[in-house]
Amino acid sequence: MEKKLGFYSTLASLVTSLLIVLLFYTLAMQKVQENMMYTTVDVYGGMVFVFILSMIVSASIWPGVIEKRMTKR
Amino acid sequence: MEDVTIKIKGMMCGHCEKLIREAAVAVKGVSKAKADFKKGEVKVSFDTSATDLETIKKAIAATGYQVLEEPQACPVPQPAKEAAAIPPEEGAKGGELRKITLSISGMSCASCAQNIERALNKLSGVRKASVNFSLERAAVEYDPTQVNPKTIEKTIADLGYGVVKRDITLKIGGMHCASCAINVEKALLKTEGIASANVSFPLEQAKITYDPEHVSISDIKKAVGDVGYTASEKLEKGDADREQRAREAEIKRQRTNFIIALLLAVPISLGDMGRNLGWTFVPEILKNDNLLFILATIVMLFPGRQFFEGTYRGLKHGVTDMNLLIATGTGAAYIISVAGTFFNLGEAYKHTYYDTAALLIMFIVLGRYLEALTKGKTSEAIRKLMGLQAKTARIIVDGAEKEIPVENVKVGDIVVVRPGEKIPVDGKVVEGLTAVDESMITGESMPVEKTVSSEVIGATINKTGMIKFTATKVGADTALAQIIQLVENAQTQKAPIQKLADIVAGHFILAVHALALLTFFFWFFVGFEYFNVPITYGMGAESPFLFSLLISITVLIISCPCAVGLATPTAIMVGTGKGAENGILIKGGEALERAQKLDTIVFDKTGTLTKGEPALTDVIAIRGTENEVLRLAAVAEKGSEHPLGEAILKGALVRGIEVPDAQEFKAIPGRGVEVKYGGKRILIGTRKLMIENGIDITQVNSKMEKLEHEGKTAMLVSSDNELAGIVAVADTLKENSKEAVHELRKMGYTVAMITGDNRRTADAIGKQLDIETILAEVLPEDKASEVKKLQAEGRKVAMVGDGINDAPALMQSDVGIAIGSGTDVAIESAQIVLIRNDVKDVAKAISLSKLTLNKIKQNLFWAFFYNSVGIPIAMGILYPFTSPPYLINPALAAAAMAASSVTVTMNTLLMKRIKLKG
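So the protein lines, in turn, are chains A and B. Positions 1475 to 1547 (the working numbering) are the ones given, in order, by the first sequence. Positions 256 to 1173 (the working numbering) are the ones given, in order, by the second sequence.
Please keep in mind that the hints were generated in silico from the structure rather than gathered at the bench. Hints are not guaranteed to be accurate.
In the DSSO-like style, the derived pairs of lysine-lysine whose C-alpha atoms are separated by at most 27 Å in a straight line are [said to hold, decoys possible]:
| id | chain 1 | residue 1 | chain 2 | residue 2 |
| --- | --- | --- | --- | --- |
| 1 | B | K354 | A | K1477 |
| 2 | A | K1477 | B | K571 |
| 3 | B | K409 | A | K1542 |
Under 7 Å between C-beta atoms, here's a sample of chain A residues computed to sit facing chain B [unchecked claim]:
| id | residue |
| --- | --- |
| 4 | L1501 |
| 5 | V1515 |
| 6 | D1516 |
| 7 | G1519 |
| 8 | G1520 |
| 9 | L1527 |
| 10 | I1530 |
| 11 | V1531 |
| 12 | S1534 |
| 13 | W1536 |
C-beta atoms are modelled at their ideal positions from N, C-alpha and C, and glycine is treated no differently.
If we strip away everything but chain A, and leave its shape as in the complex, we get (with noise of 0.2 Å):
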């Protein structure tokens, strides 16, 4: 189960991290367009840290949603 949770978790955590960087890239983007002051450094930059940062968030919250689920069944 332990091996289970722990698939599943980082998979989870994956697919979020990078839907929260795929948002910040697209939004990212916009703003390069529409404002000078916004460079392609800036948004790669930013979307390493919010890979990190989602990455640490999505990663403490999957496995106890993940685990209460497997529970469940």
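Add chain B to chain A, keeping to what the hints say.
Below, chain B without anything else, positioned relative to chain A:
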């Protein structure tokens, strides 16, 4: 008369036997009671016309032990309905059977084993259960998808038997904040076979209750190791030294780290800021990017490595702690600077943030250094207690003195102690006279005189003469060992107020990262443009990413779960430690919290407010002098074994009166005594005795009544049928009783007295002490219900008693205070144990509880206040409202974070300076 055997559950030792025996004997009509903890029973002889079995059982049950139903019979099995509701084991596969073996306590015969077996076999999911009575084991084969070990244990417990559990205290290494303690606790509680786990971050200890049949100590250590921390067994011998060495090593390590960080952070800051701000006094070499990179890398690799290692260990095991906050913050500042140094990222990225990374590390390491220094001081009391232990003892072997290690002293050994030496173990003096300094155990500053039959306490210091004593308690049974155990337990136990702190600390790291992410999003997409940051903030704010990143880092850095985590346990450690130094043992945070809410203090009279033994108080002469009257009374009572007679004799001897022997001693039940002395007939006793002997007592009636109104027992003395005088005895007040009651009243408490004495005596004592609420004529077994009545009125009651006779009342009360326990500190029924026989310590104990709880509240307030103010400011909440816009510098945030946990610990340490009232 009837003899019955009552089965009792929960007796563990001789002390339990004593408690139950005394509770049974205290019931009116019970003539004899004999408890046997090994058999788990008490044999009682009682008069059926005076009491019944139910009353006796009730009195025993009030001591806190479980009275099993049918005497001489095994409990009837009842299927556990609630147990069936417990979910089966998580993750278990259907069809896969598991086996467990449980140690069972409380079985008295083979049919008990059959009862358990039958009940277990009835449980759905149990394939086979067999219980071995002689081995006291149950082997159960079960389907984990249908039933779990907890259900099995509950079924056994519901039948009235116990599943044996053990306690262990482990030293936990690698914890850096309250979140770490919670991580370890969670990991332990997830482990099968662990019933409870309490992890103390400041003590670096985990107190675990586990089932040895389910989980071994190495499994427990592995569970701790799996989440990235270390666990080792606590060794009793030399533990204090080892702990001290470990603490000193940690202080040294953090000091070295701080010095390195400081030495490097100064040039890095000068160089980085000098270049960014155009400071001309800074040498050009320091402004070189490559040099700054090298210096900052050294800071990250040496003093800063601990945070990254901690983060790695945590993440590897799926746990987060404050290392992650620091690593994310400092790592981000460092990486963006490295990228800026070696890659052309554009104009905005020419600023580097090596100074931010270096200063963050420097301040956080400084915080850890100060924390290590102050944290050691909070547990100083227990280390002092451990250090009191004598290393060697001199015992008599074959008539000669032999020095042996203190651990080798056995009960019954004759120990020799010379003046100036430490008494190695507890014992009873058999030879010699001396004065002993017991201040380290009882808090009593004056040396206590010891003579033959006096009890001596291990770790106290023999001051004046040489003594020989028989060792009565050695090893873990000594008063000192028990005090250490009790204080350690109290310090590991969590106060209910800590629950809030635990919830906050448990989710703190996650919440802070989420806030940092939100902050980053806000400043990147909204704030930077909306507040026109490059214009309003100016220098160094050309890039929206860097600007948002720095604010986000500040949020990560300023948050401090440490302060929240340290607030309660450090205060409990200092409070209980300070108590132990003053002879006040508080059994944990719950007692502290309850003591805070008290409004009524109920004192048991005999032995608590009074000395508990009658003493001569008055002599009134009708004929002759007072001494002549007293002499006659003493002569008559010399052959008596009655406590009143002994008091008169003692009173005469104290006054230097010679008391010759009398002839023809005759005790007249309910009346008094008659003797022949010097050819005369001496009578001493009640009015009735005198009237029956034709003696006129009208002239002394008013004097007798006056004495009786004062709560004294007055006796008439006559010689040859002529009234000679009156002698009176009474249970006298303890030296400090009046002062103690006065102090408590001054503190705003309602003081009550509870006693089995008649109303007149009780009122008289109450009047002397200025106590208004007197609960008189209360039988020992009814004391608990009197306390209950007070509680029903909405009062929060503390009961003060000797801890043995008053056990049910102490347990019923909100806070039970056992007084004058001396070496018997492990009184189960009390939450506060006062070692000294001084009533004034009650006020001191309550003051200490209040002081500790106030300190906890202050600490929690500051910790929450700091975080709830610091985090929003770090997020930039003041930016729109201040001109020039205000943002906290990350380095300043690191300094504030370091200061917050140190402030909480320092605030706690201030408690040490306060003198206890009372």
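Verification of the supplied hints:
1. Between K354 (chain B) and K1477 (chain A) the alpha-carbon distance is near 23 Å, which keeps this suggested pair within the 27 Å criterion.
2. Distance check on the hinted pair: K1477 (chain A) and K571 (chain B) sit about 14 Å apart at the alpha-carbon level, within 27 Å; holds.
3. Between K409 (chain B) and K1542 (chain A) the CA atoms are separated by roughly 24 Å; this keeps the pair inside 27 Å, and the hint holds.
4. Interface hint at L1501 (chain A): satisfied, since its Cβ lies 6 Å from the closest Cβ of chain B, which is below the 7 Å cut-off.
5. Contact between V1515 (chain A) and chain B, as hinted, is supported at the beta carbon level, the nearest pair being about 5 Å apart and thus within 7 Å.
6. Annotation: D1516 (chain A) was flagged as interfacial toward chain B, and the flag holds, the nearest CB pair being 4 Å apart, inside 7 Å.
7. Look at G1519 (chain A): its Cβ gets to within about 5 Å of chain B, closer than 7 Å, so that hint holds up.
8. For G1520 (chain A), the interface hint holds, the least distance from its beta-carbon to any beta-carbon of chain B being 5 Å, beneath 7 Å.
9. For L1527 (chain A), the suggested interface contact is upheld, since its CB lies about 4 Å from the closest CB of chain B, less than 7 Å.
10. Hint status for I1530 (chain A) relative to chain B: holds, with the closest Cβ pair at about 5 Å, below 7 Å.
11. With its C-beta approaching chain B no nearer than about 5 Å, V1531 (chain A) sits inside the 7 Å limit, and its interface hint holds.
12. At a threshold of 7 Å, the smallest CB-CB gap from S1534 (chain A) to chain B is about 4 Å, leaving the interface hint in force.
13. Hint status for W1536 (chain A): violated, given a least beta-carbon distance of 11 Å to chain B, over 7 Å.
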